[in-house]
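Below are the chains, spelled out letter by letter.
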Amino acid sequence: MKCRKCSDKAVLSIPRHNTALCGLCLTEYVQIQVERAIGREKMCTKENKILVAVSGGKDSLALWDILLKLGYHADGLYVNLGIGQYSVRSRKKVEVFAELRNAMWFSQDATNDEGTGIRELADLVRRPACAACGCIKRYHFNRMAVDQDYDVLATGHNLDDEAARLMGNVLHWQQEFLEKQGPVLPASMEGFAKKIKPLYRLTEREIAAYCVVNGIDYIVQDCPLATGSRLLVYKEALNVVEQASPGSKQSFYWGFLAQQAEKFKLDHQSMSERDIALLHPCEECGQPTSSAMCSYCKLMAKTKTHKKVS
Amino acid sequence: MMKIYISQSEKTCEFQGPKQVKAILKDLDIIPETVLVIRGDGLLTEDEMVSDRDSIEIRPVISGGV
Ligand SMILES: [Zn+2]
Ligand SMILES: [Zn+2]
Numbered sequence: 001m002k003c004r005k006c007s008d009k010a011v012l013s014i015p016r017h018n019t020a021l022c023g024l025c026l027t028e029y030v031q032i033q034v035e036r037a038i039g040r041e042k043m044c045t046k047e048n049k050i051l052v053a054v055s056g057g058k059d060s061l062a063l064w065d066i067l068l069k070l071g072y073h074a075d076g077l078y079v080n081l082g083i084g085q086y087s088v089r090s091r092k093k094v095e096v097f098a099e100l101r102n103a104m105w106f107s108q109d110a111t112n113d114e115g116t117g118i119r120e121l122a123d124l125v126r127r128p129a130c131a132a133c134g135c136i137k138r139y140h141f142n143r144m145a146v147d148q149d150y151d152v153l154a155t156g157h158n159l160d161d162e163a164a165r166l167m168g169n170v171l172h173w174q175q176e177f178l179e180k181q182g183p184v185l186p187a188s189m190e191g192f193a194k195k196i197k198p199l200y201r202l203t204e205r206e207i208a209a210y211c212v213v214n215g216i217d218y219i220v221q222d223c224p225l226a227t228g229s230r231l232l233v234y235k236e237a238l239n240v241v242e243q244a245s246p247g248s249k250q251s252f253y254w255g256f257l258a259q260q261a262e263k264f265k266l267d268h269q270s271m272s273e274r275d276i277a278l279l280h281p282c283e284e285c286g287q288p289t290s291s292a293m294c295s296y297c298k299l300m301a302k303t304k305t306h307k308k309v310s
Numbered sequence: 001m002m003k004i005y006i007s008q009s010e011k012t013c014e015f016q017g018p019k020q021v022k023a024i025l026k027d028l029d030i031i032p033e034t035v036l037v038i039r040g041d042g043l044l045t046e047d048e049m050v051s052d053r054d055s056i057e058i059r060p061v062i063s064g065g066v
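Each protein sequence line maps, in turn, to chains V and F. If you're matching positions, the first sequence starts at 1 in this note's numbering and goes up one per residue. If you're matching positions, the second sequence starts at 1 in this note's numbering and goes up one per residue.
The hints are simulated quantities; they were obtained by calculation from the structure and are not laboratory data. Treat the hints loosely; a few may be bogus.
[As the list claims (entries may be wrong)] Only pairs whose alpha carbons sit at most 27 angstroms apart, straight line, appear in this in silico BS3-like list of lysine-lysine: (1) K9/V with K19/F; (2) K9/V with K26/F; (3) K22/F with K3/F; (4) K194/V with K304/V; (5) K11/F with K26/F; (6) K263/V with K180/V; (7) K11/F with K2/V; (8) K19/F with K3/F; (9) K265/V with K180/V; (10) K69/V with K46/V; (11) K180/V with K298/V; (12) K194/V with K42/V; (13) K3/F with K2/V; (14) K180/V with K46/V; (15) K42/V with K180/V; (16) K265/V with K194/V; (17) K26/F with K2/V; (18) K180/V with K194/V; (19) K42/V with K265/V; (20) K9/V with K22/F; (21) K9/V with K3/F; (22) K5/V with K11/F; (23) K49/V with K263/V; (24) K19/F with K92/V; (25) K42/V with K9/V; (26) K22/F with K2/V; (27) K49/V with K92/V; (28) K3/F with K26/F; (29) K263/V with K42/V; (30) K69/V with K49/V.
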């Protein structure tokens, strides 16, 4: 197979664009898609300070790499969730990545005083591990971004992630989540960082290929606690559809975004205005929330009461 | 026999070569959209042939979590 752009040997076929690319052209394609995402969605500028949420996986490391190469001021934040060897190895990947590029990064320990990891925590509060993990990560990422004066918080969510999440939200008609499914969440009020997803135009496979071609050493094993997660089921279903009809994933998610944009034009109250009406500081930690206590502080409170009982 | 290593699940298997990448994935019931096929440090497209002396890695690219 030959590269459709330069006729060199292709390394990846991309059926949804009816193309195949060599390593160099793939790298260029990926970077262009990220620049397009940032430009079209007004995510950030080269003057902004960006905090990248890094896990040691392909998406976040690729994102960090691309932002640095494109000349953005991008620092990393790794949150240690205490998932045994998986956490040890993924943290190491981040460390090596940053060292090679002389990039600045923070490591935040989210295991509690007794070193309880997310697995124990999830058992304790009887919530799926991914839900507890997501809640803890969001809390620390937002907190660090706000405390350290970052303009935006960037995450490595890709087209597959967003299409799968959209599928879940549509299947269960979760209207309130649908509204927040865009690639940009504005800093709607004091205490909330602006959040961006610059990889939303790229599939997981394209991003993984970018890592291989550019020698980015990421943690290949998936998080052991994610096995059987809902999101994986939706991804599998979407990939079956994609295989039969290339381009389905992007038309599903991008089509949704286009409709949302239309809707917001008609809607006079913007999302941030609605947010401000709903949100106030959490009585525990001060981060914005729509109930008395934010979901992170609720989770932490639950673990404390469970411990007192046991 | 070619050696196939499926990372993520850390399984291995063998096939009689030469065989096209596309055919290997089909025999293993793997959707091409969900994996990369790697030989040495290079990626293989679906039309490429894998010989009896080759070792390849099939690397799933789908991750769960949030
Ligand atoms: Zn090329
Ligand atoms: Zn709180």
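Status of the hints after comparison with the structure:
For the hint linking K9/V to K19/F, the alpha-carbon distance of about 19 angstroms falls within 27 angstroms, and the restraint holds. Pair hint K9/V plus K26/F holds up; C-alpha atoms about 23 angstroms apart against a cutoff of 27 angstroms. Restraint check for K22/F and K3/F: the C-alpha separation of about 16 angstroms stays at or below 27 angstroms, so the hint holds. At roughly 31 angstroms between alpha-carbon atoms, K194/V and K304/V are farther apart than 27 angstroms, so this suggested pair is violated.
For the proposed pair K11/F and K26/F, the alpha carbon gap of about 17 angstroms is at most 27 angstroms, so the pair holds. Using a Cα cut-off of 27 angstroms, the hinted pair K263/V and K180/V holds, with the two alpha carbons roughly 13 angstroms apart. With a CA separation close to 31 angstroms, the supplied pair K11/F and K2/V exceeds the 27 angstroms bound. In summary, the hint linking K19/F to K3/F is supported, as the alpha carbons are separated by about 12 angstroms, within the 27 angstroms threshold.
Simply put, K265/V and K180/V have alpha-carbon atoms about 16 angstroms apart, close enough for the 27 angstroms limit, and the pair holds. Of the pairs offered as hints, the one joining K69/V and K46/V holds, with about 12 angstroms between alpha carbons and a cut-off of 27 angstroms not exceeded. Simply put, K180/V and K298/V have alpha-carbon atoms about 22 angstroms apart, close enough for the 27 angstroms limit, and the pair holds. Of the pairs offered as hints, the one joining K194/V and K42/V holds, with about 11 angstroms between alpha carbons and a cut-off of 27 angstroms not exceeded.
Of the supplied pair hints, the one linking K3/F and K2/V holds, its CA atoms being roughly 26 angstroms apart against a limit of 27 angstroms. Restraint check for K180/V and K46/V: satisfied, since their Cα atoms lie roughly 25 angstroms apart, inside the 27 angstroms limit. The suggested pairing of K42/V with K180/V holds, with an alpha-carbon distance near 16 angstroms, which does not exceed 27 angstroms. Note on K265/V and K194/V: the hinted pairing holds, with a Cα-Cα distance of about 21 angstroms set against a maximum of 27 angstroms.
Of the supplied pair hints, the one linking K26/F and K2/V holds, its CA atoms being roughly 22 angstroms apart against a limit of 27 angstroms. Proximity of K180/V to K194/V is assessed by CA-CA distance (about 12 angstroms); at most 27 angstroms being required, the pair is judged to hold. As the CA atoms of K42/V and K265/V are separated by approximately 16 angstroms, the hinted pair is consistent with the 27 angstroms bound. For the suggested pair K9/V and K22/F, the alpha carbons sit about 17 angstroms apart, so the restraint of at most 27 angstroms is met.
Restraint check: the Cα-Cα separation between K9/V and K3/F comes to about 24 angstroms, which is no more than 27 angstroms; the hinted pair holds. Proposed proximity of K5/V and K11/F is contradicted: the alpha carbons are some 36 angstroms apart, above 27 angstroms. Between K49/V and K263/V the CA atoms are separated by roughly 31 angstroms; this puts the pair beyond 27 angstroms, and the hint is violated. Between K19/F and K92/V the alpha-carbon distance is near 37 angstroms, which puts this suggested pair outside the 27 angstroms criterion.
Distance restraint check for K42/V and K9/V: the Cα-Cα separation of roughly 35 angstroms exceeds the 27 angstroms cut-off, and the hinted pair is therefore not satisfied. For the hint pairing K22/F with K2/V, the CA-to-CA distance comes to about 16 angstroms; that is within 27 angstroms, so the pair holds. For the hint linking K49/V to K92/V, the alpha-carbon distance of about 24 angstroms falls within 27 angstroms, and the restraint holds. About 16 angstroms separates the Cα atoms of K3/F and K26/F, which keeps this hinted pair within 27 angstroms; it holds.
Distance check on the hinted pair: K263/V and K42/V sit about 18 angstroms apart at the alpha-carbon level, within 27 angstroms; holds. Our distance criterion of 27 angstroms between C-alpha atoms is met by K69/V and K49/V, whose separation comes to about 15 angstroms.
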